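2 protein chains.
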Amino acid sequence: MNFSITKKFRDKQKNQRGVVLWFTGLSGAGKTTIANELDQLLIANKNHSYILDGDIVRAGLSSDLFFNKKDREENLRRIKYVAQMFCDAGIISIVTFISPFTADRKKARDLLGEYYIEVFIKTSLEIAEKRDPKGLYKRARNGEIKNFTGIDSPYEEPENPELIVDTEKQSSAECALAIFKYLKIKKFVN
Amino acid sequence: MNFSITKKFRDKQKNQRGVVLWFTGLSGAGKTTIANELDQLLIANKNHSYILDGDIVRAGLSSDLFFNKKDREENLRRIKYVAQMFCDAGIISIVTFISPFTADRKKARDLLGEYYIEVFIKTSLEIAEKRDPKGLYKRARNGEIKNFTGIDSPYEEPENPELIVDTEKQSSAECALAIFKYLKIKKFVN
Numbered sequence: 200m201n202f203s204i205t206k207k208f209r210d211k212q213k214n215q216r217g218v219v220l221w222f223t224g225l226s227g228a229g230k231t232t233i234a235n236e237l238d239q240l241l242i243a244n245k246n247h248s249y250i251l252d253g254d255i256v257r258a259g260l261s262s263d264l265f266f267n268k269k270d271r272e273e274n275l276r277r278i279k280y281v282a283q284m285f286c287d288a289g290i291i292s293i294v295t296f297i298s299p300f301t302a303d304r305k306k307a308r309d310l311l312g313e314y315y316i317e318v319f320i321k322t323s324l325e326i327a328e329k330r331d332p333k334g335l336y337k338r339a340r341n342g343e344i345k346n347f348t349g350i351d352s353p354y355e356e357p358e359n360p361e362l363i364v365d366t367e368k369q370s371s372a373e374c375a376l377a378i379f380k381y382l383k384i385k386k387f388v389n
Numbered sequence: 200m201n202f203s204i205t206k207k208f209r210d211k212q213k214n215q216r217g218v219v220l221w222f223t224g225l226s227g228a229g230k231t232t233i234a235n236e237l238d239q240l241l242i243a244n245k246n247h248s249y250i251l252d253g254d255i256v257r258a259g260l261s262s263d264l265f266f267n268k269k270d271r272e273e274n275l276r277r278i279k280y281v282a283q284m285f286c287d288a289g290i291i292s293i294v295t296f297i298s299p300f301t302a303d304r305k306k307a308r309d310l311l312g313e314y315y316i317e318v319f320i321k322t323s324l325e326i327a328e329k330r331d332p333k334g335l336y337k338r339a340r341n342g343e344i345k346n347f348t349g350i351d352s353p354y355e356e357p358e359n360p361e362l363i364v365d366t367e368k369q370s371s372a373e374c375a376l377a378i379f380k381y382l383k384i385k386k387f388v389n
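Chains A and B, in that order, are what the protein sequence lines are.
Here the first sequence is numbered in the numbering used here, starting from 200 and rising by one per residue.
Here the second sequence is numbered in the numbering used here, starting from 200 and rising by one per residue.
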């Protein structure tokens, strides 16, 4: 069945264009912090946004999955469809998943097309590990966590992301503002 | 991490309370048609709504699942978490899944709490099979489809749904209006 209310209509109602901001980067790079800053900027600008948070999804929708390559692929397969629904609903969603593999990110891009904006939250492994906000690197180094990105599982850096923010050189507020400005320039928000 | 923008804040921004309308009923009962009517009513009332459609989810998020009892359970497990995110985003979502088993619906209710509104889209099997809008009953009777609800898989009627609409006695517009009025009375919309 074709529903009567289209994405175009919902976009117009919300005075924006629903889109998916796909954050990728190491654990500790600052994805969640920047998402939270950006979300507040968008709300202040009267936009309709939502954070699809990796940790929350891992605790709910993907609680049956582990961190091996196959389960990471399935995790991203699911969230790309959830992001598609939020996009279709006219919402600006901020997806904060490590998403370490190029092939999995490409599948999300293929599905979402023009509504996929890849944002590389860039930080060296050295700095991310020094920050270690959740103590996960330490546990991974001690062998308590397996398949941890950067330690015993690779992170494939994005080759052509729409946007790169470097959290070693910029504050999280500066990073969030750079992404907000991008949305303005591309006319996703007014 | 606790995000700065809460459901309460998003609800206020949208001048409504995000909630999940969980439609349950046989294939052919009219779930999708009523959802489409209700969605239009909500949009006309300046609300922010979205349909989480069973067929769309089956083609995307749950395309790896079949129709046996275990996979039906997993399908509903996933969508209840998606619905939770839409609810948290302040959206009124309309979930149109057959959801034939009481135990699976209860799990959704347990997760969503006060934001779970079960709407029984009531039609006799006889009438649903006569309508057969997608020709699925015919295929199920011919043995081409297995585990089809009402034919070789049971439908457990809701015992205490928040709302019952009878599509043998009311038009889809009347059913949608009844649900809309319920949302008004319960102050989910103004």
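Among the clues, some could well be false.
Identical copies go unnamed one by one, so any copy, or any two together, can satisfy a pair.
[As the list claims (entries may be wrong)] Using 27 Å as the maximum straight-line C-alpha spacing, the simulated BS3-like pairs for lysine-lysine come out as follows:
{"hint": "1", "residue 1": "383", "residue 2": "245"}
{"hint": "2", "residue 1": "306", "residue 2": "385"}
{"hint": "3", "residue 1": "383", "residue 2": "368"}
{"hint": "4", "residue 1": "269", "residue 2": "245"}
{"hint": "5", "residue 1": "245", "residue 2": "333"}
{"hint": "6", "residue 1": "368", "residue 2": "337"}
{"hint": "7", "residue 1": "245", "residue 2": "213"}
No lab work stands behind these hints: they were computed from the structure.
Keep in mind the model is a prediction, meaning the values are calculated, not measured.
Do the hints match the structure? See the list:
1. 383 to 245: both (13 Å within a copy, 25 Å between copies)
2. 306 to 385: Within. Shortest intra-copy distance 23 Å satisfies the 27 Å Cα cut-off; inter-copy 42 Å does not.
3. 383 to 368: within (23 Å within a copy, 50 Å between copies)
4. 269 to 245: neither (39 Å within a copy, 43 Å between copies)
5. 245 to 333: neither (32 Å within a copy, 41 Å between copies)
6. 368 to 337: Classified as within; 24 Å inside a copy, 64 Å across copies.
7. 245 to 213: both (9 Å within a copy, 10 Å between copies)
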